[in-house]
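S.K.: As you go down the protein sequences, you meet chains A, Y and V in turn.
Residues in the first sequence are numbered from 32 upward in steps of one, following my numbering.
Residues in the second sequence are numbered from 685 upward in steps of one, following my numbering.
Residues in the third sequence are numbered from 2 upward in steps of one, following my numbering.
Do not take every clue at face value.
Here are some of the chain Y residues that sit facing chain A, going by a computed Cβ distance under 7 Å [what the hints assert, rightly or not]:
hint, residue
1, 701
2, 770
3, 776
4, 799
5, 804
6, 806
Hint data in this document are derived by calculation from the structure and do not stem from the laboratory.
In this text, all values refer to a predicted model and were calculated from it rather than measured experimentally.
Don't be surprised by glycine CBs; every beta carbon is placed ideally from N, CA and C.
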Amino acid sequence: MSGRYVGQSVLRNEDRRLLTGHALFVDDVRLEGMLHAAFVRSDHAHAEIRSIDVSAALEKPGVVAVYTAEDLGDYWRPGPLLVPPPPIEGIVFNQATQVPLAKGRVRHAGEAVVMVVAESRYLAEDAAAEIFVDAEPLEAVVDLERALEPDATVIHPQLGTNLAAHVVQRHGDYDDAKARAAHVVTRRFHYDRGIGGAIENRAVVARWDEQAQELTVWDTTQAPIPIRNGLAGMLGLMQSQVRVIAPFVGGGFGPKIMMFYPEEVLVPWVAMQLGRPVKWCEDRQENFFATTQERAQVHDAEMAVDADGRILGVRDTFIHDCGAYDPYGLTVPINSQCTLLGPYDVPSYEGEFRAVFTNRTTVTPVRGAGRQHGVFVMERLLDLAARLVGIDAAEIRRRNYLVQDDFPHDHKILFQDFQPLVYDSGNYRPALETALELIGWTGWAEEKRRAADEGRRLGIGVVSYVEGTGIGPYEGARVTVEPNGRVRVATGLGTQGQGHYTAFAQIVAEALDVDVADVLVTTGDTREFNWGTGTFASRGAVVAGSACHAAAQQVREKAVGVAARLLNVPESEVELAAGCARVRGEPERSLTLGELAMRANPLRGGVTPGTEPGLECTAYFGPDRGSTASGVHAVVVEVDAETAMAKFLRYVVVHDCGKLINPMLVEGQVEGGVAHGIGNAFFEQLVYDEQGQLMNASFADYLLPTSLDVPRVGMAHRETPAPMNALGLKGVGEAGCIPTGAAFAQALEDALDDYELEVREIPLSPNRLFELLRDAPRRTSPALSETHA
Amino acid sequence: MILDGEFTFRADRRSVWVLLQDPDVLVKAMPGAQRLVQTGDGTYEGHIRIGVGPVTAASWTLTVALHDREEPASYGMKVESKGPLGFTRGSASVELLDEPAGTRMKYRADMQIGGKVAGIGQRLLDQVARMLTRQGLEALSREMEARLSLSVGSASASVGVATAPTLDGELVTGGESEDAAEANPESGGPAGATSSSGDDDGASTEPEPPLAPGMPDEPAVVEDLDQELPPGTV
Amino acid sequence: MPSSVEVSTTVNGEACSRTVEPRLLLSDFIRHELGLTGTHVGCEHGVCGACTVLLDGQPVRSCLLFAVQADGHALETVEGLAPADGPLHVLQEAFRDAHGLQCGFCTPGFLMTLVPFLAENPAPGEDEVRLAISGNLCRCTGYAKIVDAVLLAAERMRGAKAGDLLSIEPDPAPALAGGTA
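Isolated chain A (complex conformation) (with noise of 0.2 Å):
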């Protein structure tokens, strides 16, 4: 790799048509004679239906068709389990996954139960306001212990009870450890919900052409190609008959990845059943109920440490929340369980969870995917740690690092891809360094003192991560160079603002010696790409990246081989240059890469048997495990005592990700990572009643965070390559937000250490804050934490 264009922050290509209002989203979709579909949503968390009258809908102008579960017929069914259980000894998993319209029973506040059809979605609202659902309210399980108590109501009746999952993994022998334990450290935290929050809602809109028996749908959805399979199964038809396109898409952060909504297997067999195409686009306030969301754990987690802080042994138990249903398997707590071991070395670890249904909208991954919980759990338990045995946050960090000799580092647990969680590479220290000095670590102490001397209280927070990236199963790319000399690259995910157009347009102009505008990228249309599993878990450039790469590489063999031939010359002395293959030493001859692609497609005459035609090739990378990536971020929060307003003042993010394809686009990920960090450390959470009503739907009260509230990220980069990939790449997307949590109530600890304040909660938003501190005495004695340097 010359690193003309990888490792440069190349400008995007995709940027033209996005900036000037020319891209097309899904809701911007317009067919002759579509029709709008709105439904009618549960009032209740869980309720049993008695009965549904939709005959004053039926009869309100432009109404086409209105559909119950019962006018489903043979197509009502639970959605399949997208992600099976991993194959952990001793697992308990029950499966329950989402309905297309509740049948009988809804069990959280939003789940469909009628679907309208109309001329226009203001019509079909009209006629939505008109259905009557009569429905009997059950009690709704809400609070994660009492779903596990034996007198709860059983939100899914077959099961019998609430539970969906209960897996125990561990390493080492945690009584030991903890029996010859200096410190033993015993807390319970929390973690809510938050919502994705991507500015474009969901959209599905579906044609079906009669005369040619397909198809199409467009789809806002990080999955095109799972989507297209399981439509077609569900549908009838033929793989091929069926085409999904997730055209420009606004922001996935993994509610998008959920697939078989109710409303995306109902928009395309509507479409089939009326003969005429359907749209319907989700509201914002829909969002808040009908698309997933995460993330509520409650951990009780304890570390046991020897006398310098060195940990000896980690039990965490917790309790997850899966929401009404269990479409993704256990991917998210499975995360947590697992991201919990962070950066260090555990000789010892007991990690157990129970899932459980609540009343609540479906858990799926959202950004992050559970691993900041983990994380959240190892870091407080850490920084706690550090005060009893006396030394600050960076030093008990610095004490407790694998090392490289310890590489690769095997865990002997299973991670979400089903794999031991093995950590192939890594390099902690250094990061931690580099952090620490970009924060102003050393110069701490004065620089609070002199903001105290102002009025004003400052705290300093550090924490550390590892975060499995890049995981399988697979993904594929296809290079093709064209007659007139430019290359199209195709493959099977999906691009919600990664920057794919650009990333895999660099890899393989690299490759090729091609200008990356020459190289046209096309994602998220099934027929342009067949197999393929999506863009999740901070996978899409390492993934599809090395599938582009590996793609370009046999393209660029094959047209060495054509070139060699028609120039006459061993392929040894054919380099590839400018978008032309020629012979080294003589420039001169030379031929374009559009020649040798027309002349390596002929119409007439034989071919040498073996060869193929034109200058294309497909390749496919599916790792057998993920590649580690790893982080250190650090945070300065100014914090007002009266008000609990806290402010982020600075922020550092120390990052490895393996070689980088874009700089440009890689901060671009960390910073919009940091500011979903710090909303969901600060300013956004979902609040739920006991009855399991959602208090604060809309972005009034759901608060993301606004350019007053983020601050700056200052960022390094440091490069230890994957050994998984042929370009040594390690994902990036999820990385921004993981730790976010953990570092800002370290530093709120260390701005009120004049408080007896633990923060165990996340997030913590201000009136949270404020109850907080009401609440918490004041130290009499110094704060152990002032063992700071």
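Add chains Y and V to chain A, keeping to what the hints say.
M.R.: Relative to chain A, chains Y and V alone:
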């Protein structure tokens, strides 16, 4: 949501007891009430038209069932309403006490609110509920007076005397008296002053006290509510 | 209330006239009646700002207005900033150069908020820019590069040479005065 407070009617307890259960009185008193009929002994059904802040006014069905009646001292109430914007369910307890000034009513309601209105109207629900309660009780009081042909002394400038807590003579419920005052600039000042100060002829059977909200099938009700809600909502 | 009303506006300089329902939102009018889908809808309750367009030169939330309210007024949308194949507006160019967009969904709203802002504030500082865009939500970028883009555009609009670009490296040293890093 808990809603509790007190209100004093200038009427004897027995009369208050009877009138509180008369659907024709109640329908005039409830803001937005369009229809209320008695369906059985202590049960009522009707329609009410209400909006909250950004949630447009719509029609809700209402059912009320009284229980544990101990004439003339106390009763319990179960209330349910349903509409395209959501639902409410709750129970209330009402106590009537004999006082020299009339009858003091103590009430406590525990309401559950769900659906769309709960998701986006949350910040307003408390205020709106208290305001509706206050308006309702005042209207109820005026209706009672009209029925009982009591004369209204202009000195007191209020037909219902709030006993706790008040702000500028205006009845408020629970806490946050400032919100109530701010929320009701239209009738501002002492409760009922605008409606009663002109009513020296209290003995008249004029069926429509001026400026009184709560008149059935009056779209102005909805607009009044919208006007009175504090600005700056979404 | 009449069941339909005629709305006559100029949109990006061109006169247009349509008959619409009184309750049709301006955002739906622009997107679906006029087919100008560059303006996006993120929340329909006036918070995210993605639907921002200019009404008589002032930024407004088109999701909070009715189409009929635009009758007799001039509308400008993102499509009016640059022709489809022509050169980009200075602000658009700066967004591209500074990587001020990722998924691009919120971007048109930012652009339309910023055009009048920059016209009135040719030399804004970082804090002023952040305040000016505090009514536009972005979930992708964390805002830093959007601020960079605005500062870059302002500089270019003032005619500065390319080499005088403001430094956009965050200052890692503690800065007590002024609060934000």
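S.K.: Taking the earlier hints as the rules, which of them does this structure contradict?
M.R.: 1, 3
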